[in-house]
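Student: Sequence:
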Amino acid sequence: MKITAVVMAGGKGERFWPKSRKSLPKQFLSLTDDGKTMIQLTIERLKSLVDIDDVYIVTNKDYKNLVLEQIEGIPEENILLEPVAKNTAPCIGLAAMHIKKKYEDAVMIVLPSDHLIKYNEIYIDTLKAAIEVAKEDENLITIGITPSYPETGYGYINFGRDEEDIKRSNIYRVKRFVEKPNLETAKEYLSSGRYLWNSGMFVWKSSTILNNFRSLLSETYEGLEKIYETIGSEEEAYILEREFSKFESESIDYGIMERAGNIYTIPGSFGWDDVGSWLALERINRTNEDGNVIKGNVITINSKKSIIQGQDKLIAAIGVEDLIVVDTEDALLIASKDSTQEVKKVIENLKICNRNEYL
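Under the UniProt record's numbering, the first residue of the sequence shown carries the number 1, and numbering increases by one thereafter.
Honestly, I wouldn't trust all of these hints.
[What the hints assert, rightly or not] Straight-line C-alpha distance at most 27 Å; calculated DSSO-like pairs for lysine-lysine:
1. Lys36 <-> Lys226
2. Lys100 <-> Lys118
3. Lys226 <-> Lys175
4. Lys135 <-> Lys187
5. Lys128 <-> Lys101
6. Lys64 <-> Lys305
7. Lys180 <-> Lys2
[Claimed, not checked] Label-pair restraints from in silico Cβ distances:
8. Arg214 <-> Leu314: 58 to 66 Å
9. Ile52 <-> Thr185: 38 to 46 Å
10. Glu219 <-> Lys295: 26 to 34 Å
None of these hints come from the bench; they were simulated from the model. Glycine included, C-beta positions come from ideal geometry on N, C-alpha and C.
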């Protein structure tokens, strides 16, 4: 059976402001020492498993040229453009219909475009195991991440470890998905050994996920069918715009995964990072002898454990600690490291004040 990949690349990456903007969101930025963008790394990791002709990128209609510039060899028809953001369920449903049109049925590897993986061979082996289970029956597989600390910013997957829950070695039945916990609950999850971080990575057959759309999100499925009928025709753009705008904004977790049967998870231990805020730069890049992550024209004196990202303008940091400084042509961010989640409030204020030139 043909193996395909669906890369979801429509996000705004607002927590990486001021580098991430409407015109150049996080997935199209380079945040690592190798100079490659997040989406380039995502697709490069798959090259031993999926042909570039079978990679589909679902993104905002404004980002088509960015995809073509950054992803060498991607067929233009494989760039699926959402007329409006409607969360992950419509995004995945649209891709499944395009894959059905091309192959009737195929395995889909569904991935966010802005995560990083440290151990690629282990990652590929994990996906291969998921593919084998996906081929059997109507199975939905999610890749969970073995937690290393009590994280409160992720959803969790509760999985079974009793004999009847084990599909095969290291593949377990999902009992339930749980929301982001408080710290005490996260500690309980960690110590129990029965919870994984929800990574948002999935593997299934296109027929399997579409059958679940039909039974669990029937109105969305009806709209997707109308889109399917016009793929490749002159009506395609019009029908896509018309039907997609009608969809409820629904995540694949809420819409299908929390309600479906035959859901399995594979614990992943391949150095995953969702690169959720500026703090991630300490995890994914080398720090210098003072614990700083420095990029650009920067001088530091008696400064420690800070993230300083500049460009041509000289930044001189003296006696600072636990600080984030990000300089761009038209905006400068200065924040304490324990306030990185507040960056979104800057975006909210800019919107309220109609200062759209900074978004």
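Student: Compare the structure with the hints numbered earlier in the document and write down the numbers of the violated ones, lowest to highest.
Tutor: 1, 2, 3, 4, 6, 7, 10
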